[in-house]
Amino acid sequence: MTRLFTPRAWTAIFVAGLPLLVVLPALHLLVPPEHPLHVSSFWITLIGKFMCYAVVALAMDLIWGYTGILSLGQGLFFALGGYAFGMYLMRQIGHDGVYQSDLPDFMVFLDWKAFPWYWAGTGSFVIAVLKVIAVPGLIAFIFGFFAFRSRIKGVYFSIITQALTFAAMLAFFRNDMGFGGNNGFTDFKRVLGFPITAPATRTTLFVISGLYLLSALLVCRVIVTSKLGRVLTAIRDQESRLMFLGYRTLSFKLFVWTLAAVMSGIAGALYVPQVGIINPSEMSPANSIEIAIWAAVGGRGTLFGPIIGAFAVNGAKSWFTVAFPQFWLYFLGLLFVVVTLFLPRGLMGLVELLRKRTPAPPPAPEPTVPAAVAVEVKS
Amino acid sequence: MRAHVLRGHPALQFARATLRLVAACVLWIATASPARAALDPALLVQLGSDDPDVRIATVRKLGASTEARAATVLQAIADDALAIANGRAVIVSGNNIVDAATGDALGAAPSGLEPLVVNNRMRGELDSALAGLRLASPDRATRLAAAKELQGSDNDGLLPLLETALAKESDPGVKAILRLAAASLGLKSSDPEQRLKAAKALAASEDPQVRQILATLLTRQKDGSYPEADERVRNAAQGSLDEINRRLRTIELGVSFFTGLSLGSVLLLAALGLAITYGLMGIINMAHGEFLMIGAYATYVVQGVFRAHFPNAFSWYVIAALPVAFLVTALIGMALERGVLRWLYGRPLETLLTTWGISLLLIQACRTIFGAQNVEVENPAWLSGGIQLAGGLVLPYNRIAILVFALAVLAAVWLVINRTRLGLFVRGVTQNRAMASCTGVPTHRVDMLTFGLGSGVAGLGGVALSQIGNVGPDLGQSYIVDSFMVVVLGGVGQLAGTVIAALGLGSIAKFLEPFSGAVLAKIFVLVMIILFIQKRPQGLFALKGRSAEA
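Taken in sequence, the protein lines are chains A and B.
The first sequence begins at 1 in our numbering and counts up one residue at a time.
The second sequence begins at 1 in our numbering and counts up one residue at a time.
Think of the hints as simulated: they come from the structure by calculation, not from any bench.
For glycine and all other residues, C-beta sits at the position ideal for the given N, C-alpha and C.
Be aware that a few hints might be false.
[Stated by the list, open to error] Facing chain B, a subset of chain A residues (Cβ under 8 Å, in silico):
(1) L70
(2) A147
(3) F148
(4) V155
(5) S158
(6) F166
(7) R221
(8) V222
(9) I223
(10) A292
(11) I293
(12) W319
(13) V337
Generate coordinates for the entire structure from the input sequences, incorporating the hints supplied.
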């Protein structure tokens, strides 16, 4: 491996990352609220949320943009990570709930006397972090193992992940599951003992999200530039040929699928303390499909694209839902149609197009033979 | 006095007014009959006895009497008009009295004449005695009411009366209740043979109460004895109870099979269009659910048109909605295929995302046009109600209609695909597009028409769904996952697979529901499908050969 990014890409990372990770938090914490340069907690929460989304978009890009597996279950892993960390946050409420009981309010409401077994150890931060990684990872691993082993691919895989997400959503809506049913987890008070709404805590969470996004970007970059990344691209372009060449595509797919789930899970865990709520609607099939459009808008098969896409689409969503709530779905729907029809390579492709001023390559990212040939030659 | 307090009670007053009305009927029958025999005066005098048991025994005897005069006397007691004067029973009417036994006028009432006290127990006896007499009424409703009343009585003296009535009764509804009343009276009889007969007779009953009556007989009381002393009667009761339970179980099984089929037919209607667009053409249409929604809204619009312009034919608006819904959704589908989808052939994942976007557009358009609230689609009269079954179970007409409709649509689709020129082209293009094109099949037009057909069938499904559920912009969203599951499970390109998958999933979900609840049943079915696909990725009915991999 020679170098991770081109100098221009590094410059872009710094130009975008510096204000995000240093300037905004400083303006939030150090500048007094009445000062015009003060960044309110609304913006800190909003951008912190977007950064979590951006990681999910990156994960989506890794499996869809690079490996060609369209997962409609990314929202599930995001929510599972969120729930795993939400359990810890619920324990941190302690006796400050409405009923001042050891148990979370919703359990008191259900007249439960003790924590169910799967709540064991949720009071510990370390175990919570382990769960955030292990639960989405394990579920993805098991599901992926069976699905990939049966050579379920393409649209079949997408539909089945959607069914999985849908089933999970129905399950989490049930009160008996012990995850708060409809309302999910909310009313958090503390994280690691720090008050969760305090500016310093918010800023810390914000910076952690930013650092996490940065490291996710670097990890993805390492993967896609490595030989592993070439194999993944080859799976996307000509899986059968790769198999005939003697590659066990199962393990490659399983690896990247599980990694994407874990990435999304951690993003969910960072998302929950910042927005202060996690409920089953995060698992709705619509949410998971929306994640795909973040990646598609930014540009599949690039790493900056999904980050830009997540920020752009969610920025538009925030703006629309305040300014023209009735037009948001029109906009989102058109986005799906326009991007897939006219911008198959997303905003990144558009930028490239404008810079080169050359006609766009034919809008068919599926069988790009050279990539497969390259692998063939290498192996 | 308790009776006086109770007399003022409005419910009692109402009951008495009814009784009076009925008694007028009975009187009319009594006077109409030529035989005007007198009652035994000695019996009637016992009505004035100090012993309440004697009084009640007398009422029972009167109730069992075949004399027409007995009804008059009983009614007089119920009306507080019977008194004992000078050692004979008399009926007070106004200021005069008549002999209760013969009906002869006895002149003015002596002063200080106190009517007979009727307490609650006596009132109950009177009611059943009168009911027994009312069984002879020519009015079916009166007989039915009387028979129902007798079911609760324990005056086994009425048994012969009931049996006479039973022999004469021709109406099956009244007859069934009479038989039941006779049996439950018989169970209370002091004669073990009577009870045995009754216990056996109850096996034919379809009333859920009977199970309770029989079960009470067979439950040990606190002191360890049974309410029914005779073992033979108990055995017979047990036998009858088993028989009833067996029959009810069969009915319940039949009903749950029906609801399973009904849910399956709904799934089939939702998935049939998808079996064409996805199964045959391979287009992932995530907006399929919205075509269902459009079909339902088309029904709503047609309903509005009928209400405004053809109120006389209103109950047939559903029929008129069928072609409208089909055409509207087929046209939208064809426009979608020509405008968007054909640019995406061969790129299924992009098709998925685009059609999802289109579904969002359609939902929002629907909200803009019709509002975000659910709209009201009325069942026409011929789809309301249902077939009553034993045990309080009902088969709703709209469910039956949907089952039949689903099969009809299925048959039509099968005919179109397998027996028409278009169907031939569709199959040809599916199997080998290039070769079909070479032989002159206009493949693009076939694509458009096929997609239109699939969308139109979804529109028909929407008409059906509007009759059983809420019609709102989100209608389609709740069916999309299910529809895809049905098609995927059934195997792509296979109508038969779709049918079996839809009906099977419906039945399994309904079969699981009593044990686990609807949501868990649904989750379980989804998980089962996911597991099944692992085992057979090509679905239940896989296409054999090369085309399976493509």
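Discussion item. When the structure is checked against the list of hints, which entries are broken? Sort them ascending.
Written reply: Violated hints (numbers, rising): 3, 7, 8, 9 and 12; every other hint is consistent with the structure.
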